Structures are given as structure tokens and as C-alpha cells.
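Engineer: So the chains spell out like this:
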Amino acid sequence: MDFNYSPEDEAFRKEVREWLEENLPQEWRRDRYMTMADRDEWVQVQLAWQKKRYEKGWLAPTWPKEYGGGGLTMMQTVILDEEFTRANAPQAGVGMGLSLIGPTILAVGTEEQKRHYIPRILSAEDIWCQGFSEPNAGSDLASLQCKAVVDGDDYVINGQKTWSTGAHRANMCFLLVRTDPNAVPKHRGITYLLVDMRNTPGIEVRPLKQITGSAEFNEIFFDNVRVPRSNVLGQENRGWYVAMATLGYERSSTSQGIIFKRSLEELTKLAAKKMRNGRPAIEDPSIRELLAQCAAEIQVVVLNGYRLLTNRIKGQVPGPEAQMTKVFWSEMNERMANLALEILGPEATLQDDDEDIRRWQMTFLSVKASTISMGTSEIIRNIIGERILGLPR
Amino acid sequence: MEFGLNEQQEMLKKTARDFFQDKLPRTLVRTLMWEDPKGYSPELWKEMAELGWMGIMFPEEYEGFGGDFIDLTVILEEMGRALLTGPFIPTVVFGGTAVLNAGTAEQKKAILPAIASGNLIMTFALQDSADRFDAAGVTTSATADADGYVIKGTKRLVPEAHVADKIICVARTGSGSKPEEGITLFIVDAKSPGVNIKEHITFDGKRLCDVNFESVKVSKADVLGPVGQGWPILEKALQYTIVAMCADAVGGCQMVMEMSSQYAKERIQFDRPIGTFQAVKHKCANMFIDVEAIRPLTYWAAWAVDTGAAEAPVAVSMAKAYCNDAYRRITADGIQVHGGIGFTWEHDMHLFHKRAKTMELNYGDSHYHRAIVADDLARSVATA
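Chains as they are written, first to last, in this note's numbering: chain A, 1 to 393; chain B, 1001 to 1384.
Rather than coming from a laboratory, the hints here were simulated on the basis of the structure.
Don't take each hint at face value.
[What the hints assert, rightly or not] Chain A regions said to be covered by chain B (calculated; three or more residues, Cβ under 8 Å): (1) 96 to 110; (2) 219 to 225; (3) 269 to 282; (4) 292 to 302.
If you're wondering where the values come from, they're calculated on a predicted model, not measured in any experiment.
Each residue gets a CB set at the ideal place from its N, CA and C atoms; glycine is no exception.
Please model the complete structure; the sequences and the hints are all you need to start from.
Structural biologist: Right, here's the structure in full:
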């Protein structure tokens, strides 16, 4: 048990901080996203940041060098992530190339697919979205119905996808289709396809407005869309297992803890600033107790991030505690957002241009997605009960 | 940066688990809790000493293993799982670390090997009243005389004092601008004239005794650490003790989770195991989520205290508050999952439920400890 970093790690950390000082402009620091009305403007910042990191060789350090990645050890990658998060650096790039489909292709793709797609992800030439959920296939994803019928060298696709984040900006889609309508169990009839959205007729993207007021996710309609059979990732009817691999890729949890620690720091400062019954909210014992509870829960997120990191460094599979992380942080985040609005008081729901209000109002609204997406809290508790504790279905 | 147990610690864990599974059945636990006058088994104590558990943290020159607090935490967790009763924490964790950190060479030589061999039982007498355990609450006095000091006062809630050979008494020898100044620690022989012990038993079989020091004479050689500067020593030993209580809670929570899951698989109602019902399934899942929160917090706190990290006081308070709540939630849900039989004396669930409550209320409930964390948070933004 050791919570210290080695001298070499600390030297690298210093190097990263210095590079950030010189290369990350103040206007690009993530805090400002919360107040920027124009999301599309921010997308340009993210793309520009991706380019800078790529040029430095710090974009996809754990990816193989032969496809354009590489350069750092696992520990250095974590330190890089930590320091970028501390500096409020923007997310590098847009879409799910770096986070989800890139690692999936590297894990199960053919040599040709790796050589073709990976460099295009790194250069931001391709921007990816996910086509998994359907109106009638949410938690029960395996029941998806979007049909793919073989016709010569192509599949012909008809159906609809929903909740596709960023599809309105993407040119590529990783898509789950039903190639065997009679499969038993039904997940054995699913194929994972890589689809070019720009150059393929019949695809329509319709933005869906969210409770936050913006339209970040979309429906995608497929009307007799032809996709080459060679665009299968993995094998026909074996797409479910590839999808499970995709769903397993999450960003490093060590940086997540840092994001929350920053949020708590901001929240504590807010409590010192805002009044409550005539005194600063930070003096109220109830507010103090709720802040302390957030602090402990955030520390749990940080520590479980270290456990995940230790497993990764040792080349081990994540432990069972990895199952609880998403449900844990999303519910903690919900509590923290509610606390923030308590601290802000009745002005918290006004639509004014106050920076604090906008920031925490946005958190309060968006946080309701996090207990639902990537596995609802209820599904995850079922998974914990069944797969970890062995309870029957 | 590494978060996990090393190979040696994994072995310790397995050895401890097997040992208790073999030697401490629940029937014996019940006897020791409520019927046995000592409240623990001296035979088991000897065997644990032979396994080297008492001296794990002591240097080899004091018959120890030269290990660290993480090693001990692993064993403490298994003790909690097994519902071990008795003076292990007051002796090994409080007494052992206090003497190791602040004792003179003579004191260490006299005490540490005796603890390691299982031949010395210790405890600590801190609270002059049950409602507080801070320095300002220390009213027991120690007045200097020709040969040493004379201690006067009555301490409450002294763990397992009825079987202790030595009692570390927290007394006031003077005063200063802060209540922490003027506190001195004394290693008192429990058989000294004037030491009167009255046993009180908790509903989980702990003995939290009144110890009246009626003009008890001690020598200068019995002072532990510098005169008037005993509070920091006490604080550190108490930090170790609180983390040990957390480790005990983690072990208990793990066991309750396993028992509840097992029951949910076996108990049939409405023609199906009750574990198929989401309400029951989710209660068990929430136990898992809690266990995976308190275990890392406890081990982090153990590391922080043992390495003297700046975050140690906050870590201890975070761990204690969370363990308090988790153990309470888990044991309540444990009874709930078991339904009617969970409410019977015969079923073992209440042993954990009661132990959880005693643990929760001693040395700071959750509100107390969260206030400490909040103070630290508030300070950090004030200086930022």
C-alpha cells in the first residue's frame, strides 16, 4: 500500500506542467465551457487541442506506435491525465474515437482496419458516434431491431437508433445491427458495423433536445442504407461481444476523482461566498456536514481509481469494485449538485447570466443523465447482485 | 503508487480467516460475549500471540516482526469478520503503538516483548465523562509528590479494564493556554492500590469499565512521553485505535453481506429465491457498494496514520464516519433480508447489528467526524 509517486514520476509531472503552461491558453481551460453559450465554438477548441497533443506525441500514449500512438508508460499516462485535468484542459477531440471505438478496433479489428481507422482517429479526420440504443432497446440492448439484410457484398440496413451523442457532428458511426432475427438467445444475432455517415445515402440524423436545453444527442434513421460487408468489426453475429468490449472502455478513473475534487473545492468556495439566513453558508452545520459527506465520497472515487490503476499497471483485469464506480460517482454527483443548489438558494433556478448559477444549474440538470446512461443504476445493482454476489436472476 | 495488498498480506489474511473459522465458532463468540467473566479466551489469545499477531508492528529487537500497520489492519479486518471479543485493540493497537512511539528504552523493553508474547494486556483510560473525549474533558489529575505522582479521578468507558495488567491513564498535570497543554500519560499497574474497576457490559459483549483512580501512586518511570506533553501521543494512538475499529467494521460488513446474499439465494418464497426480487437484490448490491467504499477508505487511513501523512486526521475521520454509517446500514439491511428469523436471538445477525452500534458511538459518531472533515475543508479554502 503506497500512495506516493516515484521521483521519476514526479519529474515527468513537472515536465507536463511546464508544457501546459506554455501550450494551454487560458481561454481553453475547461471552466469556461460552462458559461459558453456556443457549444460548437468549444468543439473547435477541442479539435485544436487534439492537434496540439498529437503533435507533441501525447495524444494516445497507450496505443501502439505503429498506428500513430505510443510514447509513454502507463504511469506517465495517468500523470498526464491527472495534470491535464488539474489544469482544466479541454477534452482532446470530439466524439468517441479516442475513448471508445479506437480501443475497440485495436482490440478486435483486422490489420487493415487498424491501419485505416486508427490514424484517422488520431488526426481527427474521422469523428465517431455510437449507434447502439433504440427506442425499444435501452437497458435491454440485446433486443435491438435495426435490421441488416445481406445483398451481395453489402448489408442493407433499415431501422432507427436513439440517444446517439454527437451524431450531428460525426462522419462515422459504430453501429449494432440485427443480422439474425431468429437468434436464440437474441444477442447472438447482432453484428457490429463501421459506417461512413457522410458518403452513404439514406442516413438521417435528427437532434433531440435534452432537459438542459441543448441537443447533444440524436436519433439516427437508416432507410435502405448500403454498407459493405467488409465493414464488420469482428465477425457477423458476434457483435455483442465486441459491444461489451466497447462498453468496458471508460476513461481513467484517477482523473475522474480529480475532477470531483476540483468541483468540491469550487463548491466549498461558493459556500463561503453565498449567504444563508444572513451568514455565509459555510458556517451552517448542515451545509458543512453535507460538504464533508461529499468529500468522503469523492475520496472513495479517488481511491477506487487508484485500485483500477494498480490493476492496469500489473496487467490484471479490473477487480469487482470496478462495477460499483459508475453508480457510485453518478449518485454522489447528484447529491453534490443538489447541495450546490441549496447553497445557491432560491436564485439557483433563475435563468440569469450569473456564472455560478449557470455552472451549477447545468450540473444539476446534466447529472440526471449519468444515473441512466452507460447502464442505469438499477441495472448495475442487478449486475452487482447477480454477477458478484451470485444472486439468481 | 500502488493500491492493494502484497503477497505476504494476502497470506496473513488467509491464515487469519482460516484460524477464526476453525477456532472461533459463533457459539463460542456468544459465550464469550455474555457468559464468560473475562469476555475473551486466553487460550485463543496465546495462539494468536504464537502466530506473531501481537508483535506484527514491533521491531524485531522487541520480539516483533518488523511489519507495518497495514499488516495489522488485514488481521483486524478478519477479527471483525469473526466477531473476536477481548482486549486486542486496546493492548496491541493503542498500548503497542503508544509505547513504541513514545516509550523510553526501558519501557519498550519491559512492555513490547510482553505484548508480543501474549503475556501483557493493556488498555487506556481517556474519558472522564462519557459525552466527550477531548483534552478539555480531562479532569483526572496527577499531582507531583516526592516519589512521582498521585492520580485522582474516575475514568469512564475504559475498554476491557477488568482484564488489563496495565492501564495508560490520561491525566492533567498542569494547564496552559490550550486544553491540550498539561496532559500527561501514565502507565499504571492495574493492581496498584487505589485502582477500582467496575465492569459495564455492552450489548455486544464489550466491557467498557469505570476505573476509579483513588490517590493512585505512580513513579516517574511510569510517565509515558514528556510530562505535560502527552496529548499528541494520545492523539496518535487514538488515530491507530479508530482505524482499527474501522477495520473491524469492514470485516463485519463483508460477513453480513455474504450471509445476506447466501440467505437470499436459499430462502424460497412465492416459488422463487427471494434474491430474484429486485428490492432484496438491490439491498445486497448496496451492501457491496458500501463495502467497496469503506475498505479503501480504511486502508488509506491506515497508511496515512502509519506514515504520518498530513492528511491522517482527515483520513481517520472520513473512514470512521463512513464505517459508522455503512456498518449500521448493512446490519439493519442484513436483518431485513433475513426477515423474521433475523430478529431472533438464535440467529447471528444481531451480533453484528449490536457490534456496529457500539463501534459507531465510541470515539466519534458520524456527525462528530464529519464536522472535523468540514473544518479541514473550510480551512483549505480560507487559506487558498
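Engineer: For each hint given before, does the structure comply? Return the numbers of the non-compliant ones in rising order.
Structural biologist: 1 and 2
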